[in-house]
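Undergrad: Each chain, letter by letter, is given below.
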Amino acid sequence: MKKFEYKDKKDTRSGFGAGLYELGKNNDNVVALCADLIGSLKMNQFADEFPERFYQCGIAEANMIGTAAGLTIGGKIPFTGTFANFATGRVYDQIRQSVAYSGKNVKICASHAGITLGEDGATHQIMEDIGLMKMLPGMVVINPCDYNQTKAATIAIADYEGPVYLRFGRPKVPNFTPEDQNFEIGKSILLSEGTDVSIFATGHLVWKAIEAAEILEQNGISSEIINIHTIKPLDEEAVLKSVSKTKAVVTAEEHMMNGGLGDSIAQLLSRKLPTPMEMVAVNDKFGESGKPEELLIKYGIDTENIVTAVKEVLKRK
Amino acid sequence: MSDINKLKETASQVRRDIVRMVHAQNSGHPGGSLGCTDFITALYFEIMNHEPDNFDMDGNNQDLFFLSNGHLSALWYSVLARSGYFKTEELSTFRTLNSRLQGHPTTKEGLPGVRVASGSLGQGLSVACGAALTKKLNNDSKLVFTLHGDGELQEGQIWEAAMFAAQHKIDNLIATVDYNGKQIDGPVDEIISLGNLKAKWESFGWQVLEMNGNDMDDVVKTINHAKTLTGKGTPILIIMKTEMGMGVDFMMGTHKWHGSAPNDEQLESALSQLEETLGDY
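Protein sequence lines correspond, in order, to chains A and B.
Numbered per the numbering used here, the first sequence spans residues 59 to 375.
Numbered per the numbering used here, the second sequence spans residues 111 to 391.
Be aware that one or more of the hints could be misleading.
Claimed, not checked - BS3-like cross-link-like pairs, simulated, lysine-lysine; straight-line CA separation at most 27 Å:
#: 1; chain 1: A; residue 1: 61; chain 2: A; residue 2: 83
#: 2; chain 1: B; residue 1: 252; chain 2: B; residue 2: 118
#: 3; chain 1: B; residue 1: 351; chain 2: B; residue 2: 366
#: 4; chain 1: B; residue 1: 366; chain 2: B; residue 2: 118
#: 5; chain 1: A; residue 1: 343; chain 2: A; residue 2: 60
#: 6; chain 1: A; residue 1: 83; chain 2: B; residue 2: 218
#: 7; chain 1: A; residue 1: 83; chain 2: A; residue 2: 230
#: 8; chain 1: B; residue 1: 218; chain 2: A; residue 2: 192
#: 9; chain 1: A; residue 1: 305; chain 2: A; residue 2: 375
#: 10; chain 1: B; residue 1: 218; chain 2: A; residue 2: 290
#: 11; chain 1: B; residue 1: 279; chain 2: A; residue 2: 83
#: 12; chain 1: A; residue 1: 356; chain 2: A; residue 2: 330
Because the hints were derived from the structure by calculation, they are not lab data.
Treat the numbers as computed from the prediction; the structure is a model and nothing was measured.
Isolated chain B, as found in the complex (with noise of 0.2 Å):
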């Protein structure tokens, strides 16, 4: 079996756990998280150098991920517990009172793979190029990725931090943009339009590479692609086209599943679309 099989059985069975968490607790956001389900599996089963064993805050000699669309938690604890941060078991504390798993991530509870609290919009860039100087610092030749939601590039921080990354050369760290053109009130477009996103990110002086974030093959080739142009004096965008909601008919082409529980029916529907590849938690 390919690699690539290999991550599209792990992303399978991450969806059914995203929907499974979200439907146990009936909150949420499964939209999101399905469309960047993908991406995810690769960095944590393919792409990261990272020690799921032997977590410590500091990751030195290590790549490090930080999730800045903090809402995504399901999918990020899902792989995180796949990957061997922790049991997989813990999955169905998920949102539930003395939980590590808090409805938004959180170092608070000492959940392992959390490097900072994330939810408030617009935060993880500048986290991610305080990390990725500290490893300059450290002559730690180690990357930081991350992951931003497209409505979340409406927050000024985001091109406080873009300016920041580009005038101290922080070149190595590569950005994430879920570029799924949707947001709580609805399409990005009718709310606050991105604009020409590429010709924005270039204009601040970032290198920008495109991918299709639900072809498996695509963004393990893209990433990699990505990490030969770290080093180079600029940071690294990657805009990231998916679909909210990938995987689960009903959740697609709409961006009503942002923040929404599937009823008992719906979850049966979503889970006969995902293959069980690893057991269920």
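Same shape as in the complex, but just chain A (with noise of 0.2 Å):
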């Protein structure tokens, strides 16, 4: 298989910083929200450099989503930041009336999602939102992989008009798709073709798919490796398309398995394409404090459960 390499681990949310400072330099009618926590989600820099454009919501999410809302009213492009629970499920209401169904143009960027905020335990883990977010009628959701892809996705989803949801992390992870790409909503991408297995992942758990696919090649197993960045839309040609080929999947998020990546592609193939498939996700359980890579394995996401999934579903093929 191709050889992955990276030069340094960053955290997806400071690319989401720095999408953000980008577009606070190029394009006037972005403007951000903040629920107190500007620090946690990078957006010093474009608070910093746009006083006018940024407004201090201070804790009173419901508000925020309210005032982004508001703001789309006249052209204005918000982008709203705070931790993912409080980006989506503690204001669900807020977001179905005012955002979705108005069809608001606002960007609900949502940090420290998933399990791997790691210590302040799962009072703040959401794992639930990937599922929130996609049951809205023409929400957009996208989860990247790394800092570059975060830094081009908060980049592009300016240029898309219509409500988003755009989910990143806390810890520092293997910075290894390119610097210079070109995001593009709702396509994935084939990291790396394979024969006897597709392996589609999001978020944090794409790494970890790089790695198992390492570890199943020395097994004399070839995998595909498919980044679906955008969970909604879900890009079901490609999926189709490898399936077709491989005949076995598995899938991997830092997700519930109701609700996550792993569910859409159940539900596609069960309709078009029904094949053997695992789901690498949180089954049922709330997290709790540790260090993220305790966490990953204790609650069973990390690369050793991709290549058990792996060896699991090829039985069935």
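If you follow the hints, you should be able to join the two separate chains into one complex; please do so.
TA: In structure tokens form, the structure reads like this:
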């Protein structure tokens, strides 16, 4: 398989901060709102350089979402920033009525998604957010895999007219995608071609999928790795194309099994191309405090789990 | 004829529209709608600078209005139609299948005049804050108006928005509370009391005015006064005393007509109390 290398590890939230700052420089209509987490969301540079277009909302996420919806009336493109839990679950009805149903051009940007936020524990570790957001009619759901991709995604969503949920995280992870990539919403990325199994991964689990494929290769198993950075709209064509070749599927994500990427792909395949499938995801459990790497292992969403899932699914092929 | 008399005539027709619309589908919210008819009529026919025949979502260089208590949809639709946003015939589609006149207002069906969905309470003040901030960024000197129910103030988001508006000096915003003292389950004071409402808003950093929402003279005078207070660093709230069901004797003095429709006999009685001034739709 193709070799993957990275120069450094970086947090995806910093990719968001860098992308937002680029937008600030190049697009006067971009405005930003934050609910008392400027540092955590890496929004400092935007807030410092464009104070007239930055709104500190305090610890009041419902009002932040409503205000963002209102800012679109008259042509602004608001980016809201807070932790994924407070960006989705806490304000579901505000997003539903004032943003999604109203078709507002709001970009809901969420850091510290998933279990890898670590020590703060389950109150902050939302693993239902993809499901919540993808259920909303018309909502685009994006979960990029590294710093460069998050930066590119942040810039790209400003040019898309409509509500978007952009999900990223806290830990430093390998930054391996190209710096100058062109981010296309809804277009998956074929990272490495293979013949035995299709591994569809999103977010932080994309690098884990690469690590797993390297281990599998040593066992003589050829994996096709596809980065599904956009969960909705799902790149159905790419999924069906890969699966019709490999005839075995593993999905990997830092999210609940219910409502996540695996669930979306299972829906597609059960309708159009029933195929043996395993899902690497958290199954109906809340998280807990711990270091990100410890948590990924304990909750069964690490490299080893992908390797095991591939071996399992191949038995049913 | 004075402008005030003309407004009163329009309001009478709007009240007829409301009871006829709600009766036709045996569904809707006449009580609060009738109470706020004078206010919304004054806004659209006297106060606001707006372009009914040239609606666009952005509304740049126009005054904007947000109905936060979206269940007053029958009232709003009637006023929007009567002021020229769409044909009055369309009022007959209220709450029916394939209509743009949904039970609660929405942008989804493309109804001219509506800029955000409302119905789930407590969200409109936040949206209005955002729209007012965009006007400031665009150097647009026009204003943003809202209407909220008093029961709606039990929603926490209202108070988030109240703090936010004061902090960010959103002084191109005039919010109004329909202070009729009633909500679905009974008198507001017996459900969750609002306490000293004026003092509450003042302590949140708002400038507060009071008016009789069923006295057209007072409504026009007070809103015009409120407009002179804009641009001075503080958001403005009008506490508007109204009578739920105003104009229809048997709907007044009770919360019973919050979300109930009149039967044929009651409709007849209601219409006999409301002069047809502009022609029924």
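Undergrad: Against this structure, judge whether each hint is valid.
TA: Here is what the structure says about each hint:
1. A:61 / A:83: Violated, because 36 Å separates the two Cα atoms, which is more than 27 Å.
2. B:252 / B:118: holds, 26 Å
3. B:351 / B:366: Status holds; Cα separation ~18 Å.
4. B:366 / B:118: Roughly 25 Å separates the two Cα atoms, so the pair holds.
5. A:343 / A:60: This hinted pair is violated, its Cα atoms lying about 35 Å apart.
6. A:83 / B:218: violated, 33 Å
7. A:83 / A:230: holds, 26 Å
8. B:218 / A:192: With Cα atoms ~19 Å apart, residue 218 of chain B and residue 192 of chain A stay inside 27 Å; holds.
9. A:305 / A:375: The hint holds at about 7 Å.
10. B:218 / A:290: holds, 20 Å
11. B:279 / A:83: Holds, because 26 Å separates the two Cα atoms, which is no more than 27 Å.
12. A:356 / A:330: Roughly 34 Å between the alpha carbons, so the hint for residue 356 of chain A and residue 330 of chain A is violated.
Hints 1, 5, 6, 12 from the list above are not met by this structure, while the remaining hints are.
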